[in-house]
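Asker: So the chains spell out like this:
There are 2 protein chains.
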Amino acid sequence: MCESAAYILKEDKLERVMENVVNVDPFEGKVYLTDLLGEQKIVDGKIKEIRLMDHKIIISEAI
Amino acid sequence: MCESAAYILKEDKLERVMENVVNVDPFEGKVYLTDLLGEQKIVDGKIKEIRLMDHKIIISEAI
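Protein chains in written order, with my numbering: chain A, 1 to 63; chain B, 64 to 126.
Calculated directly from the structure, the hints in this document are not laboratory data. Just so it is clear, the structure is predicted and the values come from calculations on it, not from any experiment. Note that beta-carbon positions come from the ideal geometry of N, C-alpha and C, so glycine has one too. Fair warning: there could be bad hints in the mix.
[Unchecked claim] Cut-off 27 Å, straight-line C-alpha distance, at most; resulting in silico cross-link-like pairs (BS3-like, lysine-lysine): (1) B:K76 <-> B:K104; (2) A:K48 <-> B:K109; (3) B:K76 <-> A:K13; (4) B:K109 <-> B:K76; (5) A:K48 <-> B:K119; (6) B:K111 <-> A:K10; (7) B:K104 <-> A:K41.
[Said to hold, decoys possible] Covered stretches of chain B (chain A as the covering partner; in silico rule of three or more C-beta atoms under 8 Å from a C-beta of chain A): (8) 87-94; (9) 107-117.
Hey, can you work out the whole structure from these sequences and the hints?
Answerer: Structure (structure tokens):
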């Protein structure tokens, strides 16, 4: 399976915000995350980096 | 394996720009893509959406 976990980078620390993320939609300063079950979370910030082999989606916090 | 293909959305059509993408780094209006072999491509645009189950990274063209 190819789902990833989403993390937000806060003060140099990664804080996990969602597991099993399958869809990622950045839009106007927010990142919309959807998991395998269709649950959605909206995070203030923007995509900083994606590491598919590590299953990591890293979001930098909106300032 | 969890690598994806990256596409750029041009005039409502998806044009494939890279296969086997493992790292994605959006930065200042460009998206830096790295594939399994470490090759890099830089695309003008921003991440529009990511569909991990479809193995698709969709970039909207910089205007």
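Asker: Hint compliance check: list the failing hint numbers for this structure, sorted ascending.
Answerer: Result: hints 3 and 7 break, sorted rising.
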